[in-house]
Structure formats: structure tokens, C-alpha cells
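Engineer: One-letter residues, chain by chain:
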Amino acid sequence: MAVGTMQRRKADVDETPDLDLYALLTGDDPTAQRALTILYRRYSQRIYTYCRKITGDNQTAEDLLQETFVKLFDAGKQGRSIDNFPAYLMTIARNLCLSHRARSKRQYVPVEDFHLTVRDVPYEHKELLHLIHMALELIPEDYREAFVLREYNGLAYNEIAEVIGESLDVVKVRIFRAKKKIREILAPYLEDLNHKA
Amino acid sequence: MSDMNYTPLNPDEALHAFMDGELDSAAEEQHLFDELAASPDLRGEMKDALSIRAAVHRDLLAPPASSEGALLSSLGLASGTAVTASGASAATGASAVTAGMGMRTLLSTAVLCLVTGFVVAWLLLPRETINQSNGIAGYTSQQQGAQQQGTQQQQPTASAPVRIDTVVAIRYVNRPVVVRQEVAPIPTPADQNAQTPQSPASTEVAANETVSTIEPTATRNDAFLHPRSTSDAMLWSARKPGYESPAVYSPQVIARVRTLANGLEASEPTPESVQQAFLPNTAIALMYPLNDNHRLGFEMGTESFRQEYTGVEDGRDVIINQTPVLMWMGATYQYQMTDVFSFLPGLYPFAEMTLGMAFEQGPLGRGQIGLAYQPIGPLRISVGFDGSALIYSHQGNSFTSSKWGFTYGLSFDLGTLR
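Sequence lines, in order, name chains Y and A. Residue 161 in this note's numbering sits at position 161 of the first sequence; the count goes up by one each step and never skips. Residue 159 in this note's numbering sits at position 159 of the second sequence; the count goes up by one each step and never skips.
Hints are not guaranteed to be accurate.
[Stated by the list, open to error] Covered stretches of chain Y (chain A as the covering partner; in silico rule of three or more C-beta atoms under 8 angstroms from a C-beta of chain A): (1) 61-72; (2) 91-101; (3) 127-137.
It should be emphasised that the hints constitute simulated quantities derived from the structure, not laboratory data. Positions of the beta carbon are idealized from the N, C-alpha and C atoms, including for glycine.
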């Protein structure tokens, strides 16, 4: 049990650009291993979150996460040139998720299998998260994917366009409509939440 | 509705684009601000969007910690731990610093455990032999001393008993009390035949057949006549057949309160968490003596631990420093040496180990070596050197924190359980 106020100080550990680390994958094993480890620690949360939200299964998400980085490692070893590392990595993950979905034919994710938080959050936030997950299930898959890439993965609109292979305008529309629909679904709860606040 | 019928931004579209950092036009921004000032509905929409975003950003999903190792193994590379330990110098020096700190912590923890283990082993293994041999040696030298007092001693026989006036001083371990006891004599066959009442203080005692040497004389003051432990008392009885041991060992349940090291440098200001905590770096314990050397019990306390660990937040590697005050409890084993400092009865060294859990953190281990002094009565003071190590995890990765320093304690004998 923690007593008192925790004092926190944060500092960035790694500032090496992604593309520099990616270039190191062509080096010898120890160098490539170190570079891959740093990239993994930098992006594994985002990729895992995306895979988890799209597939709805922890084990599948873990498998796809590993497969994503294996493909990244192979691409790096082969010296494949890329311009936008986050978008490239997310594209690999997305393609793997799509392939998995095509194989499994799984269209719907049980709501109870959709929620895993690694932080202890207040009850109100847990409830809101639960409702957001439900709302995500109720909107079209294209909208959901755009919303996840934007809100969970923090990709810019142009990066999302690159990942999903659509135009920037399409991305803007999908994100906007996803947000509007989610807000509509959550409206009663949000109204109550804002009223309490 | 098609995805492609996108029109110039209306206020709510501009709002979401602005919140996503995608509204580049200053004119559109100004128009949005004007709308926000004029429209309660738009302000409500912004509030809802912020609530949703805040909730989503708390919904971090972390892959299992084993994933990294599995990935590297599947690629034929070493595990991620090795990478951390060796330092990611190829990419950044900061990672190497972090890895170095982790290695130093692990190394110091290992050394501390090793030293404590050696001390405990040294205390445990030879002492039983030493105690026993001391008792016998003392007894033997006593015999020799007695035999050298030729005018007062003689070889006992069944027909020529010797006179014994025994005054035995008994000192209990942990409770210095002097008891005087007159030992009843063993009647000789002649006495039994005569059935004559005898005075305990002036009894002519025949040597028991099983005792091959003379008993100690009355004025002797040595370790054998002063049993300080259960083993001494048993030895006393064994060497004096027909006599009951004058020392019956009474285990005392002990309550102890002690201070713990805060792990801070002398020049370092006390963290706010420690200032606000109730009785930080304090522990209480209850211990039950298994015998005169070994004690088992449990201890609990609050303790500040400096934690420095790495993690990923918002996609960036970060180092987090904090000094939380943690509550912990665990099982304690203590070994104390008796009869080490003959010049000061009641002073003895001890070693102690504790294994437990810090709430909401992880396993905790600690070791202590020190001196305890019990001059008289149930009160005992102790001072020692204490080291502790905590293992905790963050985002699936394990970290350690250790510290050491002086500890001061006050103990009370609560009494016996039997």
C-alpha cells in the first residue's frame, strides 16, 4: 500500500530517430538486436493495442504483435527503404490483422472479451471505457479502425491514410463520423457525467 | 452516405479537426473560436470529446512481458533482458545508464544477501559444537581444579561419601534472575537402611554408580553450574543423575519496535511522501523463541524505497523516479549467539533475515546483523546494520530497489506461552 504522495520525474531515455534504428537492423546481430529491442519497446504498446482492438483477443493480438516485428526485422535485414516508420509498422500490423480476420471469419467480438486495462482507473472512467468499447462495436469497421488509429495509436490523418490506403478526405470523414456516432451512443451517459461534474 | 462527399468544414468538423491537430488554417481556427464562444452546443460537444479522449488515453494496453523475449528468441537473438543489461549503447547512452543502474542494484542486492547468508551460516553451524564442547571442557577443567584441591577433596566411594553443600546460581536466558537452590542429597544404602532424616545442608552423599568423577564443590562458579540455556540445563541434568535440572528454559515472546534506514543521502532532502507518512521507516515485530538461539516471528512496517524504473508512456521511453512509502510484512528468523561477551552478560550479537511482501509492490527481503543488550528485566535495546531489497514490476518488467543503513530497536519480553 502506498502512503503519501509519490514524486515522479520523467525523462526521455531514447531519442534516436526511428529510421536510424531501423537502419541498424542491417547490422550484425548484437546491433540489430539492440535496435529492434528499442523499437519494440517504443511501439509494442501501440501495435498491441491496435491488434487487440481489431481482433478482440489477447492471444491473437500478442501473436500478431510478434509477427509484425518479425516482418519489420526481415524488412530491415533486407534493407528495404521506408519513409514513415510508424505508418509502415502500422501497415504491417493492419495487413496481418486483416489476414487474420479473413482466416477466422470472426466479425463480432464479445464485449466481455474486449476490455483489459493495465492501470487502475476510477470507477467512472472504467464505466466510460466500457461504454466506449460497446460503442466501438456498434459502428462500422472502417470507422472503428480509423478511430482506433487516431485515438489509440495517435497517428496523424495522413499517416492513417497511408496505412489504410485511402485518401486524406476519406480518413477525415471516417474519423469525424466515428466520433459523432460514438458521442451519440454515449450521449445519455456523457450528459449525466457532465451534469455531475 | 458516401465517404467521398466531404464538404468544407462546418463548426463541429472544425472542432474535431482542431482537437486532432489537423486544422491548419488560422482563419478556420478563428472561426471555430467564435463559434465556441457563441454556441453552448458546440462547447458541450467539445467537453464530450475531451471526456472520451481522456478515457481512451487511460485505456493503455500493454503486451505481456514475455513477448519481447519470445520475439527475440524467434529471431535467433538473445533475450531482451540481456539487451538491457548490456546497455543499448548502439542507439543511445541513456539506455546504457539505465541498464547500469539496474545491474548495480542487482549486484549490491546479491552481495548483501551473500554477506548476510555467510554471517547466518557462520553463526549457525559452529556454535552448537562450541557450546557443547565448552560445557564439557568447563566441566573437565572443573574436575581437575577440584582434584587439585587435595586437602578438601577425596575420591568418592560407596563407603566414603564426600560432603557437598551446593549453592547453584541460575541465570535464565533473556531474564537475568538469580535463584538459589539447595540440592537434595542422594541417600546412601546405609542411610536408607537406617532411615535417618538428614539435613540437606550437611548431607553425606555417596557417589552414584553412574558418575565416574567427583561432583563440583559448593563454591564453584563456572558455566556448568550456571546453565544459561536449554542445552546447558540438559547437560547439567545428564551430568548429575538423580538431580533435576535447576534451569527450566522458559521461552519469552518478544515484541520489538525498530527504526529502518530511509535510504537517502545525508544531503538529500526528505521527500514529501516520507514527510507525510505516519511513522515512516518503522517496523514492529513479534518473535517466538524456538530455543535460546533461534527465533521465529513476523514483522511489519512502513518503509520508503527509492524507485527508478523505465517504462513506455504515450509511446516514449521514460525513466520514472519516485520514493513511495510502502507497507510490508513478512516472516522473520533470528539467530542470536549466547555467551560471546563474557565481560558483559546480557550482550549478544545476532543475525536476522526477513522475507515478505510489500503491498501492491512485490516481494521484499531484508537482513540484519547487530548487537542486543539486555541489562536487566524484560527490556532490550539493539543496534544493527540493516539491508533490504524490493522487487517490483511496471508494465510487465521487473525492477529492484535496495538500501542499507543503521537500525535501532527496543524489545520487550512479553512472557511465556507455556
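Engineer: Now tell me, hint by hint, if it's right for this structure.
Structural biologist: Do the hints match the structure? See the list:
1. Chain A is given as covering the stretch 61-72 of chain Y, and this holds because 6 residues of the stretch bring a CB closer than 8 angstroms to a CB of that chain, at least three being needed.
2. Counting residues of the stretch 91-101 of chain Y whose beta carbon lies closer than 8 angstroms to any beta carbon of chain A gives 0, which falls below the threshold of three, so the coverage claim is violated.
3. Beta-carbon proximity to chain A at under 8 angstroms applies to 3 residues in the stretch 127-137 of chain Y; the threshold of 3 is reached and the given coverage holds.
The structure fails hint 2 only (numbered hints given earlier).
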